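So the sequences go chain by chain: A and B.
Counting from 1, position 76 in the first sequence corresponds to residue 76 in this note's numbering; the numbering is continuous, with no gaps.
Counting from 1, position 21 in the second sequence corresponds to residue 21 in this note's numbering; the numbering is continuous, with no gaps.
Mixed in with the good hints, there may be bad ones.
With a straight-line cut-off of 25 Å between C-alpha atoms, the simulated DSS-like cross-links for lysine-lysine are [to be verified]:
hint, chain 1, residue 1, chain 2, residue 2
1, A, 57, B, 2
2, B, 42, A, 11
3, A, 11, B, 79
4, B, 45, B, 2
5, B, 45, A, 57
6, A, 17, A, 57
7, A, 11, A, 57
8, B, 42, B, 79
9, B, 79, B, 45
10, A, 15, A, 57
Hint data in this document are derived by calculation from the structure and do not stem from the laboratory.
Note that this is a predicted model, so its numbers are computed, not measured.
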Amino acid sequence: GAGVSQSPSNKVTEKGKDVELRCDPISGHTALYWYRQSLGQGLEFLIYFQGNSAPDKSGLPSDRFSAERTGGSVSTLTIQRTQQEDSAVYLCASSLQQSPLHFGNGTRLTVT
Amino acid sequence: RKEVEQDPGPFNVPEGATVAFNCTYSNSASQSFFWYRQDCRKEPKLLMSVYSSGNEDGRFTAQLNRASQYISLLIRDSKLSDSATYLCVVNRRGGSARQLTFGSGTQLTVLP
């Protein structure tokens, strides 16, 4: 069946521009996570959505980062006024509650 | 102290060797445990869950030691295709909605 889909797969943007990253989770999965991974580093938690509950935004590194999940399905991660240190792979994952995560292929963001 | 700690490696082993990785976790409320593998420039993928009684999947064996708060992964008869980074993941119930914590990964290279 269809897995987690992320778009775009690659994004190059100029410093100061806003970007939107999209995640389509597996149908029926109630939990959705955003992580980012810098080259050679581990996964850094950003935000977590679970059903209709208020999202856990505790991992967002600054107020330039925001995310929403519409209708309990598609999620968008927005980064405003991008900085070079925002360059990373942004990974989305979904799961049924308490079950293992299924990751998308990620969006490789490069801020020049 | 990190909530989940792994030896980063790298582990360089010859084909056919047996190799083991450990992962320690600090939160005794941790409920479930997983090993993921991540190939270079790819997304993490679930390798196996770790059950209390230990479990085996082909050449891979996972063990859990709750008393000492560590999990292990043993790979027998290693193949070139096993070369990857292995991520330990710990899931705790209750408290923050941010339940899943990833280790930084252990890098394995299987040499011909």
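Is it true that the CA of residue 42 of chain B sits at most 25 Å from the CA of residue 11 of chain A?
Holds: residue 42 of chain B and residue 11 of chain A sit about 16 Å apart, inside 25 Å.
Has the given pair, residue 17 of chain A with residue 57 of chain A, been kept, meaning a C-alpha gap of at most 25 Å?
It holds: about 22 Å lies between the C-alpha atoms, which stays within 25 Å.
Given hint residue 2 of chain B paired with residue 45 of chain B - CA-CA distance at most 25 Å:
holds (22 Å)
For the pair supplied as a hint, residue 11 of chain A and residue 79 of chain B, is the alpha-carbon distance within the 25 Å limit?
Roughly 35 Å separates the two Cα atoms, so the pair is violated.
Need the status of pair residue 57 of chain A, residue 2 of chain B: alpha-carbon distance at most 25 Å?
holds (20 Å)
Regarding the pair residue 15 of chain A and residue 57 of chain A, is the alpha-carbon distance no greater than 25 Å?
Answer holds: residue 15 of chain A to residue 57 of chain A is near 24 Å, not above 25 Å.
For the pair supplied as a hint, residue 79 of chain B and residue 45 of chain B, confirm whether the alpha-carbon distance does not exceed 25 Å.
Satisfied, since the Cα-Cα distance of roughly 18 Å is no more than 25 Å.
Mind checking the alpha carbons of residue 45 of chain B and residue 57 of chain A for me, to see if they're no more than 25 Å apart?
holds (24 Å)
Are residue 42 of chain B and residue 79 of chain B close enough, with their CA atoms no more than 25 Å apart?
Between residue 42 of chain B and residue 79 of chain B the Cα gap is close to 19 Å, so the pair holds against 25 Å.
Within 25 Å, alpha carbon to alpha carbon, are residue 11 of chain A and residue 57 of chain A?
holds (23 Å)
In this structure, only the earlier hint numbered 3 is contradicted, and the remaining ones agree with it.
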